[in-house]
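Chemist: The primary structure of each chain is shown beneath.
There are 2 protein chains.
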Amino acid sequence: MENDMVTMALDEVDLLARRVLTRHGLRGDHVDAVARTIVAGERDGCASHGVYRLLVAVNTLKSGKVDPAVEPVITRPAPGLVRADAGGGFAQLAIERALSALVDSARTNGIAALAVNRCIHFAALWPEVEMLVEHGLVALATTPSHAWVAPAGGSRPLFGTNPIAFGWPRPDASPFVFDFATSAAARGEIELHRRAGNPIPAGWGIDADGHPTTDAQAALDGAMLTWGGYKGSALSTMVELIAGPLIGDLTSAESIAWDAGAGASPYGGELIVAIDPAGFLGAAAAGHLARAETLFDALAAQGARLPGARRHANRKLSVAEGVRVPAALHRDIMALLEEEDA
Amino acid sequence: MENDMVTMALDEVDLLARRVLTRHGLRGDHVDAVARTIVAGERDGCASHGVYRLLVAVNTLKSGKVDPAVEPVITRPAPGLVRADAGGGFAQLAIERALSALVDSARTNGIAALAVNRCIHFAALWPEVEMLVEHGLVALATTPSHAWVAPAGGSRPLFGTNPIAFGWPRPDASPFVFDFATSAAARGEIELHRRAGNPIPAGWGIDADGHPTTDAQAALDGAMLTWGGYKGSALSTMVELIAGPLIGDLTSAESIAWDAGAGASPYGGELIVAIDPAGFLGAAAAGHLARAETLFDALAAQGARLPGARRHANRKLSVAEGVRVPAALHRDIMALLEEEDA
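Which chain is which? The protein sequence lines are A and B, in order.
Under this note's numbering, the first sequence is numbered contiguously, ending at residue 342.
Under this note's numbering, the second sequence is numbered contiguously, ending at residue 342.
Rather than coming from a laboratory, the hints here were simulated on the basis of the structure.
The beta carbon of each residue, even a glycine, is placed where N, CA and C say it ideally should be.
One thing to keep in mind: the hints can contain errors.
As the list claims (entries may be wrong) - Covered by chain B, per the in silico footprint, the following chain A stretches (three or more residues, Cβ under 8 Å): (1) 74-84; (2) 104-110; (3) 144-153; (4) 165-177; (5) 198-206; (6) 240-253.
Stated by the list, open to error - Simulated coverage check for chain A against chain B, where a stretch passes if three residues somewhere in it have a Cβ under 8 Å from a Cβ of chain B: (7) 224-231; (8) 299-312.
Input sequences plus hints: build the corresponding full structure.
Modeler: Structure, rendered in C-alpha cells:
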C-alpha cells in the first residue's frame, strides 16, 4: 500500500544517505556534509528537506552540474568578511569549512558576513543558522535560487523562491529560528500538489500567459507569485541583490540560464550575516537576552507559535523513536543504489 | 474649502519646520536634523512623513518625553560596531553624528552596524538608508515602535509596526530603496481612514475582543495585524529582537509601557547595517553592480515598479515647483506658532 511507512533510526538514515551519495559519485568530506543536512531535515520533520532530497541531489550529480569532489577555498577579503569559494560543489561543505572563520570574525568585529560563492544549493538555510546560534550568535542567511517567481506587477519568472532564515539564541530553550521562502509557496509544495493531482490555492501562481491559475502544472510552466504582494517582491529583490551581485555571484535569472534545462539545483551564492550580542552589550548581554525571553513568553501567552519550535519537538521524538519514511519514497531511494550507470 | 492647497517652496517648508520646532523648545543641531527629514518627506511626496509630522513632533515635545537639547554620544564598542546614544533625544541628530563612523567602519571591515539607542523615533527610515547609499554602501535599517500590532495567531498588541528599509546604490539612476511596515498597514493609514470616517479593508485590524473589524477606531483600540500572516509576524519578531534586546534597547511593548499614555512617539533603538560592495568585490564591484542593473531592467520590462522611483520623481518636481500642502493642515501647523504656552 502506498500509505505504508518505513521506520528508520537516525543512524540508518545517515548510512542510507552516505551510500546513495557515494554510489552517485560524491566524494570526500562532501558526503558527510550533505548527509548531515539530509538527516537533520528528516529528523526535524521537514519532509521536503529530508531523505526526499536524495532524489534531488542525485539528479544534480547525474546532470554533471556539480563538482562532486572539489575542495572549498576559504579567504578573508576584509576583517569583517569571509569568503567560501565552493568551486562548483554543493554548498554544505563550504559553509562548514568557513564557519569558524565567520564565528571568529563576528566575535572580533561585532558583526561579520560570509559569502558562499559558486555553490550548488538544494538545502534549507536553517542548518547553518542553527550552527551559528549554537555559538551564541544571531544569524541571518539568504540565497537566490532559479528564476521561477514573477515580481509583483509582473507576469514572468525573474526571482527565485529566495528564502530568508534568521536565528536567535535562547539560553534555556530551543532557538528562535525561522526560514521561509519569499514566494507565496515553496516550489516543492506546488510539486506535491501536482503529483497528488490537486489544485493549488489562488495566489500561488500564474500561467504562461500571466493569468491566475489553480493548476499546479500551469503554475510550474508559468510563474510562481511572491508572498505578500509588493512588500514580498521588494524583499525578494533584496535577496537577489545581496546574495547575488553584492557577493559577486549569480541572480536567479542567471542561475537558471546557466542550468540550460539540465534540471539541476540552483547555482550561485549565499550570504550569511552573524552578529555577536556581546559586541554591543558586553557583560550586559545576558540581561538583555532575558528581555527577549519576555517577548517570547508574551507570544506564547497569546497562543502564537514560535518558529522552529515544531522542528525541535520533532527532533526529540526522532532521536528517541526514529523517523517514518513513506514506503514508496524509500523504494525510490533504494532503487538509486541499484542503478547500473551511476 | 477643505480641498484648498497651499503651495510652498522647499526653503519655505524648511523655514516653517524650523520655526515650529524652535517655538516648541527644540534646540541646537536637533532643529536642523529634524527639519531636514520633514522637508525630505514632504519633498518626496510622503504626505504622512512631511509637514504633517510637525504635529507629531510637537505633540512629543509637549509630552515632555523627549530631551530637546541633549547631545548624542558616539562610541565604537567593537571594530565593526558604532553606538549612538541619543540620550532621550530625537533620533535624527544621533544618526547624522554617527554616520561618518559607520561609513568608515563599513569601508574598513566590509560590514558594520550602527545601534542608535535611547532615541525618540517618529520618522521614516529611508532618509538614513539613502545617506549611506550616497556613500556607495548597501544599507538596511529597522526599528521597533509602540506595541500596536498583534502577532499572527495572537489577538493582542505586542509588536510595533516595525518597518524595514533597504537601499542599494545605482551608478546612473536613483537608488533602489524600500521602506515598509511589517504591519498590514501603517498606523497613519488607519488614522486617515478614521478621520475620513471610512471603513478599513479586512485584514488590517482586530477589535479589543480579537475579532476582525473594518472599523478604524475599533482597530486602533484593538490591534493592528501583521502583513503577510505568519511570515510577516516572524519578520516583525526579528525586528523586535535585533533592534531591541540585541542593541540593549526596548521592545515595542516596553516602549508603550514607558510612554504610559502620554501619546509620545516610540522610544527605543534603531539598528542600521551597512555593507561596502568593494569589501567582497574589490575592483570588480562596478562590473557586478552592472549585473544588478540587468535585474532592474528586467523588472521594469515586466511593468513592475521599482521602490523609491516614485519618491525620486516627486523630488525632482518638488525642487522645481515646490510642494502643495492641504490648507487645513497648513492652518493647523501655523496655529502651532501662535500657541501661548509653548
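Chemist: None of the hints should be skipped; say for each whether it holds.
Modeler: Right, here's what the structure says about each hint:
For the stretch 74-84 of chain A, the proposed coverage by chain B is satisfied: 6 residues have a C-beta within less than 8 Å of a C-beta in that chain, meeting the threshold of three. Beta-carbon proximity to chain B at under 8 Å applies to 3 residues in the stretch 104-110 of chain A; the threshold of 3 is reached and the given coverage holds. With 4 residues bearing a CB less than 8 Å from a CB of chain B, the stretch 144-153 of chain A meets the requirement of three and the coverage assertion stands. Only when three residues or more bring their CB closer than 8 Å to a CB of chain B does the claim for the stretch 165-177 of chain A stand; here the count is 3, and the claim holds.
With 0 residues having a beta carbon nearer than 8 Å to a beta carbon of chain B, the stretch 198-206 of chain A misses the requirement of three or more and the stated coverage is violated. Coverage of a stretch by a chain is defined here by at least three residues with a beta carbon nearer than 8 Å to that chain's beta carbons; for the stretch 240-253 of chain A and chain B the count is 10, and the condition holds. Under the rule that three or more residues need a Cβ within less than 8 Å of chain B, the assignment of the stretch 224-231 of chain A holds, with 4 such residues. By the rule of at least three residues with a Cβ nearer than 8 Å to a Cβ of chain B, the coverage given for the stretch 299-312 of chain A holds, with 6 such residues.
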